[in-house]
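Asks: Chain by chain, the residues run as shown.
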Amino acid sequence: MSIEVKNLVKIYDDKRVIDNVSFNVENGETLAIVGFSGSGKSTILKMICGLTEKDGGEIITSKGDIAMVFQYSALFDSLNVADNISFALRERKELRNKYSEKELREIVSKKLELVGLKGIEYKFPSELSGGMQKRVSFARAIVTEPNTILYDEPTAGLDPISSTLIEDYIVRLKEETNAASIVVTHQMSTITRTANKVIMLYGGRIVFNGTPEEMLRQDNPYTKQFVTASLDGPMKMIA
Amino acid sequence: MGNLKIYLKQSATYKIYRTCVRNLVDFMDTLGSIIIYGFATLRYILTFRVHRKELIEQCARFGISSLPITLSIVSMTSIIVASQVAPEMVKQGGGNFVGLLITMLIVREVGAIMSGFAIISMIGSSLASELATMRVTEQIDAIQVLKVDPIRYLFVPRILSGLIMMPLVVVVASVIGVLAGAVTTDLTTDLGYRAYFDSVWFGIYMKDLTVCILKAVCFGGTIALISCSCGYTASGGAKGVGLATTKAVVWSIVAMVIWDMLFAIAFFF
Ligand SMILES: Nc1ncnc2c1ncn2[C@@H]1O[C@H](COP(=O)(O)OP(=O)(O)OP(=O)(O)O)[C@@H](O)[C@H]1O
Ligand SMILES: [Mg+2]
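Protein sequences, first through last, are from chains B and V. Numbering follows the numbering used here, with no gaps: position 157 of the first sequence is 138. Positions in the second sequence are counted from 1; adding 127 to them yields the numbering used here.
Among the hints, erroneous ones may be present.
Below, simulated DSSO-like cross-link-like pairs (lysine-lysine); rule was C-alpha separation at most 30 angstroms, straight line [what the hints assert, rightly or not]: (1) B/K83 - V/K180; (2) B/K(-4) - B/K155; (3) B/K91 - B/K79; (4) V/K180 - B/K(-13).
On the chain V side, residues computed to face chain B include the following (Cβ under 8 angstroms) [what the hints assert, rightly or not]: (5) A269; (6) L273; (7) K274; (8) D276; (9) D335; (10) T337.
Quick list of simulated restraints, FRET-style, between CB atoms [said to hold, decoys possible]: (11) V/S192 - B/I40: 40 to 48 angstroms; (12) B/K(-4) - V/T146: 22 to 30 angstroms; (13) B/E194 - V/S160: 44 to 52 angstroms; (14) B/G100 - V/T146: 53 to 61 angstroms; (15) B/E(-15) - V/S160: 18 to 26 angstroms; (16) V/I278 - B/E157: 33 to 41 angstroms; (17) B/E34 - V/T146: 53 to 61 angstroms; (18) V/L182 - B/G100: 27 to 35 angstroms; (19) B/E195 - V/R176: 45 to 53 angstroms; (20) V/L135 - B/Y53: 36 to 44 angstroms; (21) V/L135 - B/E7: 18 to 26 angstroms; (22) B/E108 - V/E215: 55 to 63 angstroms.
No lab work stands behind these hints, which were simulated from the structure alone. These figures come from a predicted structure and were not determined experimentally. Just so it is clear, CB atoms sit at the ideal spot from N, CA and C, and this is done for glycine as well.
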């Protein structure tokens, strides 16, 4: 039970955005995917959770729920925070009518407390800051206690302290539920705190595959360029 | 050879050809998605898979928020017609038929089609832009990842509200339209309310009423379906939202006029 990706291919307008990418994530493991903006990280996540068709290869995930934390939060702007978080519990077919209003309220406030946002149940997403939206969307994604969790830049745009809060929670959630998780991130702190494996994408292919420690050792020209944030190196910004 | 290809691709003929093909594909895409979502929604409605809370909300939106503009458009049309026709008819000795004429006009044609235009501009455009915005901001993706059924949650309440509320809107608008005609006739002629309303009853046929209600149901459902489908399939940022809204309005108007023509052919030809 895990996530297994074999020879994944995605083509957009004749361009192989994802070109033969393979990796696997066991239960209780967290894989970090890093790479340039536009290297196809979000595309991989969307193929895993079934939002985007793949053009080749294989994706095998364990049976339970797949949750996704979207890069730009994707909160329902016509619903308040509480309804956003309890959305799946209220509307999903097998969960409908399973919880009473009181139970739902309790779940919501518990999840909100978890992400450090107590007492904003009745605010609307447009009344929240970007970082607060991100944390609400985190709470919304994990409300069904999924066993496969995909995070698309969960800590981007957060202050360091909120980042740490989210990172700690990613780790705690993994330990509690033994979930297989994938974290797409640009942030070194998120990689070192949450992941035990890292892959790096460039030009649709994997150019590095190892542990965070190996990545920091910088003996691969790609990771060296990434970690030192240098303009010289094998990776060129291509428009 | 390569040069020739590049050269050909710059020619006007090729560009026209490509534009035509693109538009045709786009047209078939739109039509196809409308049909697919239409049937899916119908299946849900027939098996009573309806989200009640959303349905009530959408009905309130469809009926109440559109009422001011629908009522004013229909009654203004009635005023326009009555103020021009009533004095003339009275002068020519046809005063007994003013009410009949206005009623027939509204029940047969104006009530439904003018309400339709009002609903398209108020509700259709807002449904389309709402769903398109949800699409481009990944809210619809989020619905799918949370394993909630978008047909049940988004399409069914909106389309069902169109089917239910449009006849009500048309009936209310028609009644107000007939009343507006009465006031106009009273102000522009010396006919009086009594004579007007006496002939109103002769202008109402059961068949006309049935057709009017049927028409309203078809208009309401079609407008909601087209608007939802265009919004749902939008792509590409703010521009995509604009395009989807325009498409929804244009397609709704054309579809409504086609329905109207079909009804005219089927019942009055
Ligand atoms: N719907 C689409 N149609 C065409 N091309 C697309 C589409 N979605 C993504 N792409 C292309 O696929 C590539 C990868 O996009 P993706 O969003 O996965 O990048 P990313 O690695 O998540 O970048 P970022 O770090 O900026 O979020 C980009 O080059 C983009 O242009
Ligand atoms: Mg991305």
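Asks: Would you mind marking each hint as holding or not holding in the structure?
Replies: Checked hints:
1. B/K83 - V/K180: 18 angstroms, holds
2. B/K(-4) - B/K155: Not satisfied, since the Cα-Cα distance of roughly 35 angstroms exceeds 30 angstroms.
3. B/K91 - B/K79: 18 angstroms, holds
4. V/K180 - B/K(-13): 43 angstroms, violated
5. A269: OK, holds: V/A269 within 8 angstroms of chain B, min 4 angstroms.
6. L273: Status holds, d = 4 angstroms.
7. K274: It holds, given that the least Cβ distance between V/K274 and chain B is near 5 angstroms, below 8 angstroms.
8. D276: V/D276 check passes; min Cβ-Cβ to chain B is 7 angstroms, inside 8 angstroms.
9. D335: With Cβ-Cβ at 40 angstroms, over 8 angstroms, it is violated.
10. T337: Hint on V/T337: violated, closest Cβ of chain B at ~37 angstroms, above 8 angstroms.
11. V/S192 - B/I40: 40 to 48 angstroms: Roughly 44 angstroms apart at Cβ, these two residues keep to the hinted range, so it holds.
12. B/K(-4) - V/T146: 22 to 30 angstroms: Given a distance of about 23 angstroms, which is inside 22 to 30 angstroms, the answer is holds.
13. B/E194 - V/S160: 44 to 52 angstroms: Holds: the Cβ-Cβ distance is about 50 angstroms, inside 44 to 52 angstroms.
14. B/G100 - V/T146: 53 to 61 angstroms: 56 angstroms, holds
15. B/E(-15) - V/S160: 18 to 26 angstroms: 33 angstroms, violated
16. V/I278 - B/E157: 33 to 41 angstroms: 34 angstroms, holds
17. B/E34 - V/T146: 53 to 61 angstroms: 27 angstroms, violated
18. V/L182 - B/G100: 27 to 35 angstroms: 32 angstroms, holds
19. B/E195 - V/R176: 45 to 53 angstroms: 52 angstroms, holds
20. V/L135 - B/Y53: 36 to 44 angstroms: 42 angstroms, holds
21. V/L135 - B/E7: 18 to 26 angstroms: 54 angstroms, violated
22. B/E108 - V/E215: 55 to 63 angstroms: 59 angstroms, holds
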